[in-house]
Structure formats: C-alpha cells, structure tokens
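Participant: The primary structure of each chain is shown beneath.
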Amino acid sequence: MNVTAHTLHAALLTLSLTIAACDGRQNAGETPAGLEPAEVITVDGSSTVFPITEAAAEEFQRAHAGMRITVGISGTGGGFQKFCRGEIDLADASRPIRPTEAAACAKAGVQFIEIPVAYDGLAVVVNPKNTWATSMTVAELRKMWEPAAQGQIMRWSQVRAGWPDRELHLFGAGVDSGTFDYFTEAIAGKEGQSRGDYTSSEDDNVIVQGVSGDENALGYFGYAYYEENRDKLKLVAIDDGDDANGKGPILPSPETVENGTYRPLSRPIFIYPKVKSLDRPEVKSFIDFYLTKGIPLVREVGYIPLKDREYEIVRRRFNRRKTGSMYQGTDSHSQMTLEQRLAQ
Amino acid sequence: MSTTAPTAGGSAGRHRPRHAGDRLLSAVGLLCMLLALAALAALVYDVAHDGLRRLSWQFITSYPSRNPERAGILAALVGSLYVVGLTAAIAVPLGVGAAIHLEEYGGRGRVSRLIEVNIANLAGVPSIIYGLLGLGLFVRAMRMERSVLAGACTLALLALPVIIISTREALRTVPKSLREASFALGATKWQTIQYQVLPAAFPGILTGLILALSRTIGETAPLITIGALTYVPFLPTDIWSPFTVLPIQIFNWVSRPQAAFAENAAAGIVVLLALLLLMNAVAIVLRDRFQRRAAG
Amino acid sequence: MTRFRTRTIVEFAIEKALFLCAAGSILVTAGIIFVLFFETAAFLREVPILEFLFGTEWTPLFYDKHFGALPLMAGTLLVSAIAMAVALPAGLLTAIYLSEYAAGGVRRVVRPVLEVLAGVPTVVYGYFALQFVTPLLQSFVPGLAGFNALSPGIVMGIMILPLISSLSEDALHGVPNGLREGAYALGSTRMQTALRVVLPAAFSGISAAAILAASRAIGETMIVAIAAGQQPRLTLDPRVPVETMTAYIVQVSLGDTPAGTLEYRTIFAVGMLLFLSTFALNLVSHWLRNRFREEYA
Chain A
1 MNVTAHTLHA ALLTLSLTIA ACDGRQNAGE TPAGLEPAEV ITVDGSSTVF
51 PITEAAAEEF QRAHAGMRIT VGISGTGGGF QKFCRGEIDL ADASRPIRPT
101 EAAACAKAGV QFIEIPVAYD GLAVVVNPKN TWATSMTVAE LRKMWEPAAQ
151 GQIMRWSQVR AGWPDRELHL FGAGVDSGTF DYFTEAIAGK EGQSRGDYTS
201 SEDDNVIVQG VSGDENALGY FGYAYYEENR DKLKLVAIDD GDDANGKGPI
251 LPSPETVENG TYRPLSRPIF IYPKVKSLDR PEVKSFIDFY LTKGIPLVRE
301 VGYIPLKDRE YEIVRRRFNR RKTGSMYQGT DSHSQMTLEQ RLAQ
Chain B
1 MSTTAPTAGG SAGRHRPRHA GDRLLSAVGL LCMLLALAAL AALVYDVAHD
51 GLRRLSWQFI TSYPSRNPER AGILAALVGS LYVVGLTAAI AVPLGVGAAI
101 HLEEYGGRGR VSRLIEVNIA NLAGVPSIIY GLLGLGLFVR AMRMERSVLA
151 GACTLALLAL PVIIISTREA LRTVPKSLRE ASFALGATKW QTIQYQVLPA
201 AFPGILTGLI LALSRTIGET APLITIGALT YVPFLPTDIW SPFTVLPIQI
251 FNWVSRPQAA FAENAAAGIV VLLALLLLMN AVAIVLRDRF QRRAAG
Chain C
1 MTRFRTRTIV EFAIEKALFL CAAGSILVTA GIIFVLFFET AAFLREVPIL
51 EFLFGTEWTP LFYDKHFGAL PLMAGTLLVS AIAMAVALPA GLLTAIYLSE
101 YAAGGVRRVV RPVLEVLAGV PTVVYGYFAL QFVTPLLQSF VPGLAGFNAL
151 SPGIVMGIMI LPLISSLSED ALHGVPNGLR EGAYALGSTR MQTALRVVLP
201 AAFSGISAAA ILAASRAIGE TMIVAIAAGQ QPRLTLDPRV PVETMTAYIV
251 QVSLGDTPAG TLEYRTIFAV GMLLFLSTFA LNLVSHWLRN RFREEYA
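If you're matching them up, the sequences are chains A, B and C in order.
Taking our numbering, the leading residue of the first sequence gets 1, the next gets one more, and so forth.
Taking our numbering, the leading residue of the second sequence gets 1, the next gets one more, and so forth.
Taking our numbering, the leading residue of the third sequence gets 1, the next gets one more, and so forth.
One or more hints might be untrue.
[Stated by the list, open to error] When the alpha-carbon atoms are kept at most 25 Å apart in a straight line, the in silico SDA-like pairs for lysine to any residue are as follows:
1) A:293 / A:39
2) A:284 / B:237
3) A:82 / B:140
4) B:176 / B:290
5) A:190 / A:327
6) A:143 / A:189
7) A:107 / A:327
8) B:189 / C:21
9) C:65 / A:147
10) B:176 / B:105
11) A:234 / A:168
12) B:189 / B:290
13) A:284 / A:39
14) B:176 / C:10
15) C:65 / C:44
16) A:129 / A:153
17) A:293 / B:65
18) A:129 / C:137
19) A:232 / C:136
20) A:143 / C:64
21) A:129 / C:237
22) C:16 / B:174
23) A:284 / A:324
24) C:16 / B:118
25) C:16 / B:93
26) C:65 / A:140
27) B:189 / C:9
28) A:293 / A:307
29) A:322 / A:111
If you are wondering where the hints come from, they were derived from the structure by calculation, not from laboratory data.
Modelling step: build the complete structure from the supplied sequences, incorporating the hints.
Facilitator: Structural data, given as structure tokens:
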C-alpha cells in the first residue's frame with residue numbers, strides 16, 4: 001500500500017480510538033471508575049499553602065508508588081469555587097471558608113472538613129537596598145493599601161513624612177488569594193478592601209521577584225516565601241499599636257507567630273478535604289499522611305507548626321469526620337486561639 | 001554627483017563598495033546583521049552556560065519537586081510528546097485534506113477565495129486567542145476540562161493554518177505534466193492524487209508537517225489559558241489526564257525566584273531546544289531521503 | 001454494481017470529505033469570532049463601551065472596579081513600539097545588506113540562521129529577558145525595575161527581526177533588476193541605487209513586512225508575561241512594570257475564573273480587542289503585499 005493509504009489508515013485508527021475513549025466517559029470532570037487503581041487526587045487553592053501541600057504530595061508519592069496528585073494555585077477563592085463545584089478533592093486555603101462559600105458548598109451537596117495545618121505570619125517585605133522602611137504601623141499600611149489610596153498614594157514620602165520622595169512600587173496578592181483577603185481584613189478592616197493599582201498575582205513567586213528586583217518596592221506574602229528568599233528580601237517590622245501583645249514593632253519569626261505577638265498578621269492556614277472523596281482509600285491515606293508525616297514538612301518549607309496537642313485535636317476531628325467550619329458567624333480575627341476554637 | 005559606477009548585475013553583490021556612503025551603508029548593514037547573529041549567540045550561550053551543568057540523566061527522568069536539585073522534567077517531556085502526538089493525529093488529516101481540496105479541487109469560485117483568505121488570516125492570529133477559543137469551546141462548552149484532549153484540540157486549531165499553507169506549497173511544486181499524464185492514461189482525479197501527486201509532494205508535505213508540529217511543541221500561552229497545571233508529578237495515562245508540557249514547566253521554574261530553579265529552567269530550555277533541533281533534523285533527513293527515492 | 005459506478009461514488013465521497021476539511025477552517029474562524037463576540041457582548045452589557053475603550057484605570061477584579069482598558073493597551077503599545085524600534089531599522093538594514101551587498105554564499109548561510117531566531121520558543125526569550133537582559137540593563141539604566149517594558153521590548157525586537165529582514169529581503173529582491181541597472185547606467189552608486197531606487201520601489205512590500213511584525217509583537221504573550229510585570233499602568237516610562245493585554249489574559253487564566261462572571265468575561269473582552277487589532281493589521285499587511293506583487297509580478 002502506498003503512503004496515502006497508510007496515513008489515512010493511521011488517522012482513522014486514531015480517530016476511532018478517540019471516539020471509543022469518548023464513550024467510556026461517564027460524566028464530565030471524572031475519569032471512568034475502575035480504569036486505574038488510584039484516580040488522580042486533585043488539589044487546588046492557595047499559593048501560601050502550596051509549598052506544604054506540594055511537599056506532602058511529593059513525599060506521599062515517593063512513599064506510595066502509583067499515587068497521582070496534582071496541585072494547582074488558583075488562589076484560595078479560586079480553589080473554593082472549584083471545590084464547591086465538586087471539581088477538586090482538596091482545597092488549600094490561607095483563610096477560613098466564608099459563610100457564602102460554605103452555603104454554595106451546601107447547596108451543591110459538597111461537605112467538607114476544616115483542617116488547620118500550620119501557622120503563617122504574613123511578611124511585609126522591601127528590597128534589601130531599602131534603608132528607610134525598617135518598621136511600619138498598621139495605620140501606615142492602611143494608608144498605603146486602602147482603596148482610597150488608588151491613584152493617590154504614589155510616593156514613599158506620602159506614607160510617612162521623612163521618608164524619601166521616591167516612587168512607591170507595590171506588589172501583592174491577587175483577588176483570588178486568601179492572603180489578599182486576610183491582609184485586607186487585617187489592615188483595612190474589611191475583606192477585599194484594597195487599592196487596585198499594584199502588581200497583583202496569585203503566585204507569590206512573582207511578588208518575590210518583583211520586590212527583589214526593585215529598590216522602591218514593597219510587597220506582602222506568606223512567611224515561607226521570605227524564608228526561601230532571605231538573601232533577596234528585607235523584612236519590615238509591624239507595630240500594631242497594642243502593647244498588650246508585644247511592645248513596638250515586631251518582626252515575624254517562628255517564635256513571634258507562635259506566641260501571638262506578631263499581630264495582626266498571624267493566621268492559621270487550612271486544607272479542606274471533600275468528605276465524599278474520603279471514601280476513596282487513596283485520598284484518606286493522603287490526608288492521614290499529611291497530618292502525621294507531613295508535620296515536619298511544615299517547618300521545612302518555612303511555616304510554623306501548630307502545637308502538638310492542637311494537631312491531636314485536628315486528627316481526632318478528621319477521624320470523626322467533623323464537618324463544617326469553626327468560623328461561622330464570628331470573624332477570623334476574634335481573640336480566640338486556635339486551640340479554643342478547636343475545642344468547640 | 002559620484003563618478004563611480006558599479007557594473008550591471010547589481011544585487012548579486014560581487015563588488016566591493018567604493019563610494020564612502022556606499023561603504024557606510026554596507027558597514028551599517030553588516031553591523032546590524034552581525035548584531036542579530038550575536039544576539040542569537042548570546043541567547044544560546046546564556047542558556048547553555050546556565051543549563052548544561054544541570055542537565056543529567058537524573059534531570060530527564062525525575063518528576064517536579066520543591067527541591068530544585070531533585071526536580072526534573074520527565075512529566076513535562078512525556079506530556080509534550082503525548083500532546084504533540086495527539087495534536088498531529090487531529091491536525092494532519094484535517095490540514096492535509098483541506099490543502100488537497102484547495103489545490104486540486106478548488107475552483108476560482110468565491111467560496112474558495114473566501115477559504116483561502118480565511119486561512120491566511122488565521123495564520124496570523126495570536127496564539128493566545130486560540131487559547132481563549134479552546135477555553136470557551138473545548139474546556140467549558142464541551143466539558144473536556146484540563147485534559148490532554150483539550151490541549152491537543154486547541155493546538156490542532158493553531159497548527160491547522162500553517163499545515164494547510166505548507167502542504168499547498170508542496171502540492172504546487174508537483175508539475176502539471178504529471179497530473180495530465182495520469183489523466184491521459186485514464187485515471188480519475190482521486191487516483192491521480194493518491195498515486196501520483198501525493199507521493200511526489202510527500203517530502204515537502206512531511207517537512208511542512210514536522211515544522212508546524214515543532215512550533216506547536218514550543219507553545220505556552222494557549223495551554224496556560226485552557227488551564228494546564230504546573231505541578232503534575234506523573235505521566236498522563238489517557239487523553240483525559242491532567243498534563244503539563246515542557247514550556248509550561250520552564251515557565252513555572254522561571255517564575256520561581258530561587259537561583260537553583262533558574263538553572264532548572266535553563267536545563268529545561270536545553271532539552272526543549274534539543275527536541276526542536278531533533279525534529280527539524282528529522283524533517284530535513286526525511287525530505288532528502290524521499291527526494292532521492294523519488295528521483296532515483 | 002460496476003467498478004466504474006463504485007469508483008464514481010468513492011470519488012464523490014472523497015471530494016466532499018476534502019471540501020469539508022477545507023470548509024472546516026471557516027468554522028474555526030467562526031468559532032473564534034463567536035466565542036469572543038458572545039462573551040464580549042455579555043461584558044458590554046454591564047460595562048459601557050466608552051469606559052472600556054477610553055477609561056484610564058484597569059482594576060476589574062478589585063473592590064474599586066474600573067474597566068478602562070487604556071493601561072493595557074498602553075502597555076502593549078509601549079513594549080511593541082520598543083520592539084519595532086529595535087527590529088525595523090536593524091531588520092531593514094540587514095535586508096539591504098543581504099540583498100544589495102552580500103555575496104550569494106553569505107545570504108545562503110545567514111538567512112536560515114536568522115530563521116532559527118524566529119523559531120525559538122517564546123518562553124525561552126522570556127527567560128533570556130528576565131535572567132540576562134534585565135540584569136544587564138540594570139547596570140547602566142538608572143531606576144530600571146526588575147519588571148519593566150524595556151527588556152522584553154528589546155528581546156521581542158530580536159525575535160521579530162528575522163521576520164522583517166526576510167520579508168523585506170524578498171521585497172527588495174522582487175524589484176526587477178532593470179530598475180537597478182537603469183540607475184547604475186545613470187551613474188548612481190550602489191548606495192544611491194539602494195536607497196533612492198530599490199527601497200522606494202519595494203516600499204509596499206517592506207511596509208507589509210513591518211506591519212506583520214508589529215502584529216506579531218502585539219500578540220506576543222510569554223516574553224511579557226515573564227519579564228514585563230503585571231501592573232496595569234498608563235505610562236510611557238519603559239523602566240517600570242506594566243501589563244500588556246496578553247499578560248492580563250495569562251494572569252487571570254492562572255487563577256480561577258468561573259464561567260459566566262464578569263471577571264471571566266474581561267479576558268474575552270480584552271481578547272476581542274487583541275484579535276481585532278491584529279486582524280486589522282494583518283489585513284492591511286496582506287493588501288500591501290498583494291499590491292506590491294501586482295506592481296512587479
């Protein structure tokens with residue numbers, strides 16, 4: 001047979017295989033049951049939590065051959081949207097699930113378990129060549145970042161008198177990011193309240209690159225990203241004006257985050273597994289792995305582990321399949337410690 | 001007014017410029033050309049310098065990792081090959097078929113002209129627009145989600161105009177006399193195409209196909225738009241699998257600020273360029289082989 | 001059935017199948033236009049078109065929403081202008097050199113090598129811009145930020161240079177020798193011939209090349225996504241982060257955009273803007289090229 005016939009045959013064969021594969025599909029978004037011993041475990045959400053989940057997924061896949069886990073970084077908000085549509089098994093989140101998101105999940109029949117996995121201190125960073133901004137107050141951060149600053153506060157000298165009259169280049173989280181939600185609520189008082197004229201990205205690496213390459217830059221992201229890039233960045237100490245928990249400006253560090261003096265920018269970060277996915281043995285075993293062998297990874301990537309007894313309570317809640325969020329009704333900045341909340 | 005007059009045959013450039021302005025223009029032109037070549041050399045040197053020391057068997061056979069020394073491009077490499085293979089399976093029959101129609105059957109009618117203009121325009125549409133089409137049509141409307149199939153369909157649309165144009169060029173090189181001789185012997189139109197025209201044009205068609213597909217391997221933007229992931233530490237098992245490809249893995253590593261990941265990105269680029277070089281070399285070798293066979 | 005009848009049916013079927021393949025390409029264009037149009041129309045129902053086209057702030061995802069696409073257009077134009085400023089003179093001069101001065105052997109070697117520049121994947125160029133060109137520029141350009149428009153602009157210029165040089169060279173080559181010989185006969189130097197006779201004659205072909213290159217620059221994504229930044233900013237300063245239309249689409253795609261929301265529609269509205277501008281440029285380029293061919297065919 002000649003070349004044309006060969007080509008046509010090959011094309012027809014491929015086409016028919018494709019159509020056959022189409023028929024095998026049951027519903028959109030799910031691979032056919034029984035085709036593989038372990039389906040892909042899909043994770044998506046916060047880029048703050050990503051380093052921990054990535055580490056846990058990597059170690060889990062090395063320990064158990066054949067396991068397949070994908071981890072995306074659509075941002076906490078993006079992750080919850082996918083989660084409440086039932087598209088992913090696990091949502092990474094750097095803030096608790098909102099009541100509206102929980103309602104959307106309930107409406108779609110998606111049940112979840114809220115699992116805090118670590119503490120994070122939101123680090124405010126500047127370029128190492130920045131000699132003037134060694135500390136800032138919450139009020140100054142608010143002046144810099146609130147919606148009214150859009151188009152108005154464009155120079156360092158406008159934030160604090162005495163600072164140089166240089167352009168202010170801001171880098172921060174994108175709107176789908178839990179870091180964004182947390183920062184805006186802690187600094188501007190309400191979630192989502194931020195100016196829009198800055199370099200925004202759900203990928204914290206972009207913020208690191210931006211700040212490290214620009215003398216006039218300031219940015220914020222999860223503490224782990226500072227740890228990873230110490231040689232390129234400089235931390236700004238934050239003064240929350242409340243002497244009761246630490247006098248004066250405080251730098252974030254594992255100690256200050258753990259003992260609560262780094263305020264208001266300390267927070268727990270979470271993972272949210274879908275209850276229905278826990279029926280799959282591979283998903284359950286991954287979460288078990290996360291909450292046991294994954295704990296040392298928390299410090300390795302630069303976050304602060306919860307206290308041992310807090311992890312015990314978390315594990316117990318998981319094993320008992322305690323669904324729902326601990327943060328319904330109250331705002332996440334109330335003075336309850338995590339341990340108190342977990343005990344509820 | 002100058003008195004120097006170079007002999008006729010001007011543009012073959014065999015004469016050294018004698019007038020001062022002549023020499024200046026020639027020098028400036030030469031300088032620009034050398035600068036362009038120097039830029040290419042700088043690019044290759046920079047990538048090779050950063051990437052070659054990272055390149056190793058371990059790098060090629062490892063999965064992505066948070067640890068740059070452990071990270072590798074296996075998933076991306078296999079993903080790229082898988083996606084390009086599927087893209088070829090979709091785009092080649094459609095593209096070659098369309099080109100055959102336009103060259104052999106198409107009249108000078110308005111529909112044919114419209115299709116021709118349309119294809120020429122499609123070839124110039126930015127690749128990210130194809131990504132948007134893929135997002136709206138394949139991922140959302142047809143519910144393929146972030147699968148190899150959605151990626152391949154999107155890239156197939158991107159490659160189609162290029163394949164059609166290059167196949168048409170190849171078909172045009174076949175002399176009319178060949179077709180007419182075939183008709184004179186009583187063959188039908190399709191028999192002529194199948195047994196005479198296509199084999200004769202085959203080397204050119206093949207070269208065009210491989211070049212079009214090698215451009216597809218380097219495409220990043222459309223796949224990002226349809227949602228290809230960056231952390232995929234396994235090989236795709238079927239057309240519905242999530243996947244990643246070489247350019248996206250490189251993009252992910254470039255975006256990470258740690259210097260060690262920049263090395264990984266450079267090594268990934270070396271692999272990508274090597275793959276492209278391989279494909280282009282295969283194209284040239286195959287074309288020469290078939291040309292020799294046709295001539296002999 | 002006779003073999004003749006079978007053959008006729010087969011012939012007919014094949015002919016129609018091939019026609020469908022070709023006509024399918026129309027479906028692709030229709031698909032692009034439909035998808036873009038549908039979502040843009042939905043977008044424009046909520047955002048007035050004047051604000052979209054002429055507004056100066058682009059913060060569609062934030063609390064204080066503004067949907068003015070001018071900053072994105074400015075970012076795109078700034079980077080593309082820098083790219084053209086690099087590629088047009090360099091590419092044209094290279095083309096003049098190769099066409100009018102260089103020996104045949106040089107042309108045969110240099111042209112394919114320049115084609116290689118055009119074939120390098122754009123993500124590689126993005127890497128080059130961020131890792132090599134930006135630090136290099138930072139050493140002598142004051143105040144150059146890590147993300148800026150200058151570095152990707154220059155690299156993009158390098159990328160489109162082969163396009164301008166090879167298409168311009170084709171145009172210059174297409175000018176009949178008779179014109180050159182006439183000029184030489186009147187005593188012109190090579191430079192006078194090249195600049196005053198050949199170049200004007202090839203003008204429409206060269207403009208076609210330049211416009212096509214500009215269209216390519218406008219539609220380029222990865223170089224700017226990696227090296228130009230993600231801050232929509234209405235500025236002409238090439239040293240600061242900007243955001244192009246293409247980089248915005250990538251930025252939003254990297255997050256999550258549920259279908260049907262206004263945020264999802266913004267990427268299609270911006271995509272529509274991008275599509276229309278490159279489409280218009282490509283049409284002008286083709287028209288110029290056809291006119292050139294008619295003049296000298």
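Participant: Holds or violated: are the alpha carbons of residue 284 (chain A) and residue 324 (chain A) at most 25 Å from each other?
Facilitator: holds, 18 Å
Participant: Regarding the pair residue 189 (chain B) and residue 21 (chain C), is the alpha-carbon distance no greater than 25 Å?
Facilitator: Roughly 18 Å between the alpha carbons, so the hint for residue 189 (chain B) and residue 21 (chain C) holds.
Participant: So if I understand the rule, the pair passes when the alpha-carbon distance is 25 Å or less; does residue 107 (chain A) with residue 327 (chain A) pass?
Facilitator: Judged against 25 Å, a Cα distance of about 19 Å means the pair holds.
Participant: For the pair we were handed, residue 65 (chain C) and residue 147 (chain A), check the Cα-Cα distance against 25 Å.
Facilitator: holds, 10 Å
Participant: Holds or violated: residue 293 (chain A) and residue 65 (chain B), Cα atoms, limit 25 Å.
Facilitator: holds, 17 Å
Participant: Are the Cα positions of residue 284 (chain A) and residue 39 (chain A) separated by 25 Å at most?
Facilitator: holds, 13 Å
Participant: Is the hinted pair residue 189 (chain B) and residue 290 (chain B) satisfied, with a Cα-Cα distance of at most 25 Å?
Facilitator: holds, 24 Å
Participant: Run the distance test for residue 190 (chain A) versus residue 327 (chain A): straight-line Cα separation, threshold 25 Å.
Facilitator: Given that 25 Å is the threshold and the Cα spacing comes to 16 Å, the pair holds.
Participant: Assess, step by step, whether the Cα of residue 16 (chain C) is no farther than 25 Å from the Cα of residue 93 (chain B), and give holds or violated.
Facilitator: Satisfied, since the Cα-Cα distance of roughly 14 Å is no more than 25 Å.
Participant: Would you mind confirming whether the straight-line C-alpha gap from residue 293 (chain A) to residue 307 (chain A) stays at or under 25 Å?
Facilitator: Between residue 293 (chain A) and residue 307 (chain A) the Cα gap is close to 15 Å, so the pair holds against 25 Å.
Participant: Keeping to a limit of 25 Å between CA atoms, is the pair of residue 234 (chain A) and residue 168 (chain A) held or broken?
Facilitator: holds, 16 Å
Participant: Is the hinted pair residue 284 (chain A) and residue 237 (chain B) satisfied, with a Cα-Cα distance of at most 25 Å?
Facilitator: holds, 23 Å
Hint compliance for this structure: no hint is broken.
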